[in-house]
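The lines below spell out each chain.
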Amino acid sequence: MIELQHVSKRYRVGPEELEVLRGIDLTIRAGEFVSIMGPSGSGKSTLMHILGCLDTPTTGTYTLRGRAVQMLSSTELAQLRNQQIGFVFQNFQLLPRMSALRNVELPLVYAGVQSRLRRERAEALLAQMGLQDRIHHLPNELSGGQKQRVAIARALANEPAILLADEPTGALDSVTGQDIMQLFRSLNDTGVTVVVITHDANVASVADRIVFLQDGQVTDDSQQSGGSQR
Amino acid sequence: MSAGEMLLSALTSLRANLLRSSLTMLGIFIGVASIIAIVAIGKGGQTAIVSTIESQRVQNTIQIIPSELVAPGLPQPGQILQFSQSDFDLARTFPGVQNVYYTLYGTATIQTPTKSLSISVDGGPSYLNEIGHFAVVSGRMYTQADVIAHRRVVLINQSLAQKLFGAQNPIGQVVSIGGVPLQVIGVTQSTQVNFLSAVYGSDTAYMPATTCADLFPNWGITEMDIQTYPGVNKAQLSKRIVLALNIHDHQAGAFEDSSGFLLGIEKTVGTVTRILTLVIGAIAGIALLVGGIGVMNIMLVSVTERTQEIGIRMSLGATRKAILLQFLVESVMITLIGGGCGIGLGVLVAAIVHWLSGLPAAVSWWAVAGSFVFSGVIGVLCGLYPANKAARLNPIDALRYE
Numbered sequence: 004m005i006e007l008q009h010v011s012k013r014y015r016v017g018p019e020e021l022e023v024l025r026g027i028d029l030t031i032r033a034g035e036f037v038s039i040m041g042p043s044g045s046g047k048s049t050l051m052h053i054l055g056c057l058d059t060p061t062t063g064t065y066t067l068r069g070r071a072v073q074m075l076s077s078t079e080l081a082q083l084r085n086q087q088i089g090f091v092f093q094n095f096q097l098l099p100r101m102s103a104l105r106n107v108e109l110p111l112v113y114a115g116v117q118s119r120l121r122r123e124r125a126e127a128l129l130a131q132m133g134l135q136d137r138i139h140h141l142p143n144e145l146s147g148g149q150k151q152r153v154a155i156a157r158a159l160a161n162e163p164a165i166l167l168a169d170e171p172t173g174a175l176d177s178v179t180g181q182d183i184m185q186l187f188r189s190l191n192d193t194g195v196t197v198v199v200i201t202h203d204a205n206v207a208s209v210a211d212r213i214v215f216l217q218d219g220q221v222t223d224d225s226q227q228s229g230g231s232q233r
Numbered sequence: 218m219s220a221g222e223m224l225l226s227a228l229t230s231l232r233a234n235l236l237r238s239s240l241t242m243l244g245i246f247i248g249v250a251s252i253i254a255i256v257a258i259g260k261g262g263q264t265a266i267v268s269t270i271e272s273q274r275v276q277n278t279i280q281i282i283p284s285e286l287v288a289p290g291l292p293q294p295g296q297i298l299q300f301s302q303s304d305f306d307l308a309r310t311f312p313g314v315q316n317v318y319y320t321l322y323g324t325a326t327i328q329t330p331t332k333s334l335s336i337s338v339d340g341g342p343s344y345l346n347e348i349g350h351f352a353v354v355s356g357r358m359y360t361q362a363d364v365i366a367h368r369r370v371v372l373i374n375q376s377l378a379q380k381l382f383g384a385q386n387p388i389g390q391v392v393s394i395g396g397v398p399l400q401v402i403g404v405t406q407s408t409q410v411n412f413l414s415a416v417y418g419s420d421t422a423y424m425p426a427t428t429c430a431d432l433f434p435n436w437g438i439t440e441m442d443i444q445t446y447p448g449v450n451k452a453q454l455s456k457r458i459v460l461a462l463n464i465h466d467h468q469a470g471a472f473e474d475s476s477g478f479l480l481g482i483e484k485t486v487g488t489v490t491r492i493l494t495l496v497i498g499a500i501a502g503i504a505l506l507v508g509g510i511g512v513m514n515i516m517l518v519s520v521t522e523r524t525q526e527i528g529i530r531m532s533l534g535a536t537r538k539a540i541l542l543q544f545l546v547e548s549v550m551i552t553l554i555g556g557g558c559g560i561g562l563g564v565l566v567a568a569i570v571h572w573l574s575g576l577p578a579a580v581s582w583w584a585v586a587g588s589f590v591f592s593g594v595i596g597v598l599c600g601l602y603p604a605n606k607a608a609r610l611n612p613i614d615a616l617r618y619e
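Respectively, the protein sequence lines represent chains A and B. Count along the first sequence starting at 1, add 3, and that's the number in this note's numbering. Count along the second sequence starting at 1, add 217, and that's the number in this note's numbering.
Just so you know, these hints were derived from the structure itself, not from any lab. If you're wondering where the values come from, they're calculated on a predicted model, not measured in any experiment. Take these hints with a grain of salt, some might be off.
[To be verified] Covered stretches of chain A, going by a simulated chain B footprint (3 or more residues, C-beta under 8 Å):
hint, region
1, 49-60
2, 72-82
3, 107-114
[Claimed, not checked] Take a look, some chain A residues computed to stay more than 10 Å from chain B by CB distance:
hint, residue
4, Gly26
5, Asp28
6, Asp203
No residue lacks a Cβ here, since even glycine has one placed at the ideal position from N, Cα and C.
Make the full structure from the sequences, and use the hints.
See the structure below:
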């Protein structure tokens with residue numbers, strides 16, 4: 004479903020050219036639970052941006068559900084992010100002045116879903132996250148774990164191809180972090196493709212497959228047998 | 218994203234910064250309010266002046282005056298074209314003419330044994346009070362008989378009576394005008410309730426035209442008042458008399474109906490007030506422009522402040538167009554709300570001016586519609602640059618922005 008072939012990303016920093024990703028080959032199939040691990044500066048954030056269609060590769064090809072992403076215009080990328088990608092960020096990235104419900108509705112708004120359907124879908128998702136009695140709360144009235152659950156509900160709103168999580172436990176205490184990872188685990192069990200980017204080996208170990216990244220290259224790609232903490 | 222959704226979203230973010238949004242609206246609010254009020258007051262002033270001029274016309278009377286005070290072909294330069302006795306005789310021959318009078322006016326000195334004042338003197342027919350816009354408050358108006366008999370009688374206005382006689386009854390007193398004694402038979406009060414009363418409100422004495430001509434034989438007759446029978450077509454009659462007078466005096470265009478002169482004044486007044494309204498309106502327009510710059514400034518601040526929000530929205534699938542529209546709608550909403558309230562204030566100011574001064578300051582619908590549309594245009598113009606700046610943000614940079 005996700006196929007990266009010889010993907011490179013170069014940035015111009017002053018007179019020098021910085022190569023952040025060097026010829027990444029990576030295939031992720033539907034229903035997988037993958038962790039992408041690496042130290043800071045390894046290029047994992049850049050890889051996430053490319054996977055999330057926030058950025059396009061300098062060279063190489065990225066195919067998402069049969070579409071060649073590097074060929075797309077900014078409007079088409081936006082539509083792809085809306086329909087195929089669900090982002091979960093380290094610092095939640097909820098809109099502070101909107102209730103949990105409105106936050107979850109937002110991707111549906113951009114998808115042009117009619118307001119009644121939108122509300123039903125958002126309420127169902129929040130209920131699924133165990134937040135049915137928090138739907139009208141503003142983000143600052145929620146705990147860290149609750150915020151991240153709202154963010155996950157929002158990421159799932161348009162039933163994306165992949166759930167892309169960037170350090171999803173980074174701003175949470177370890178117990179809550181574990182809870183969130185277990186939530187990803189159970190979502191994956193219902194068929195959602197999950198990609199978690201992290202530098203934390205404990206977090207990464209929840210996934211079925213761990214991809215190591217170093218200096219912009221894949222150094223290891225291993226299936227975990229029973230690595231999950233079910 | 219539907220239109221309703223965008224409006225709701227814009228309202229939400231304006232409400233989140235209520236004070237700032239209101240202050241930004243204030244610029245547009247004041248600009249629009251002043252334009253609405255100025256246009257209404259300007260229009261009202263024009264209407265007031267024109268209706269005042271209109272009120273000078275007297276029923277069943279045609280007034281003929283020389284076209285130009287200094288007419289060509291006169292022996293002395295600076296000599297005023299005057300009516301002669303034969304002009305009056307000629308005018309009397311027209312059917313439909315009941316009577317023809319002349320009015321004289323000038324300045325003279327009025328004297329009592331103890332006082333001496335400079336005043337205006339009006340000499341005219343017995344219905345001078347109608348054309349001269351005054352009422353006799355005590356005593357009586359001079360009669361047709363007084364005019365025919367050249368009687369030495371005079372009416373003075375209230376303030377003059379006060380100055381000359383104080384608390385004493387002025388009726389029956391004798392005053393001297395131009396060295397000739399006259400008996401005061403009445404006291405008058407101006408019936409003009411408009412601004413012209415200030416111009417005409419000087420101390421005035423009114424007397425029969427014949428008496429006035431006796432006292433001041435060198436005052437030229439520069440006004441012919443023709444009293445017509447009711448139901449006569451005044452315009453047609455006036456045209457024919459003017460033509461006959463011009464032929465009689467061998468001067469084409471020497472005389473004209475004073476209503477033409479009044480029309481000319483009306484036209485001039487219209488032009489002057491229009492120019493004034495335009496100039497003051499342009500100044501108010503500058504206020505509006507400054508308000509617009511304020512809107513642009515605040516929108517730029519808002520875009521910078523909400524960079525992260527823009528990044529989040531982009532990551533959730535907002536297209537550049539959606540971001541552009543979001544900020545554009547906000548900016549237009551600021552100017553439209555400001556403009557709408559401004560229209561309200563403008564209408565209120567116009568109403569207060571109307572109530573206080575009696576000026577018919579009416580707000581025209583096109584001024585309302587025009588300023589509303591113009592507010593919207595300002596919103597678009599001033600919102601375009603900030604909105605475009607927001608839409609052009611790189612989603613990654615925007616997300617990372619702290």
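Numbers of the earlier hints that this structure fails to satisfy, in rising order: none
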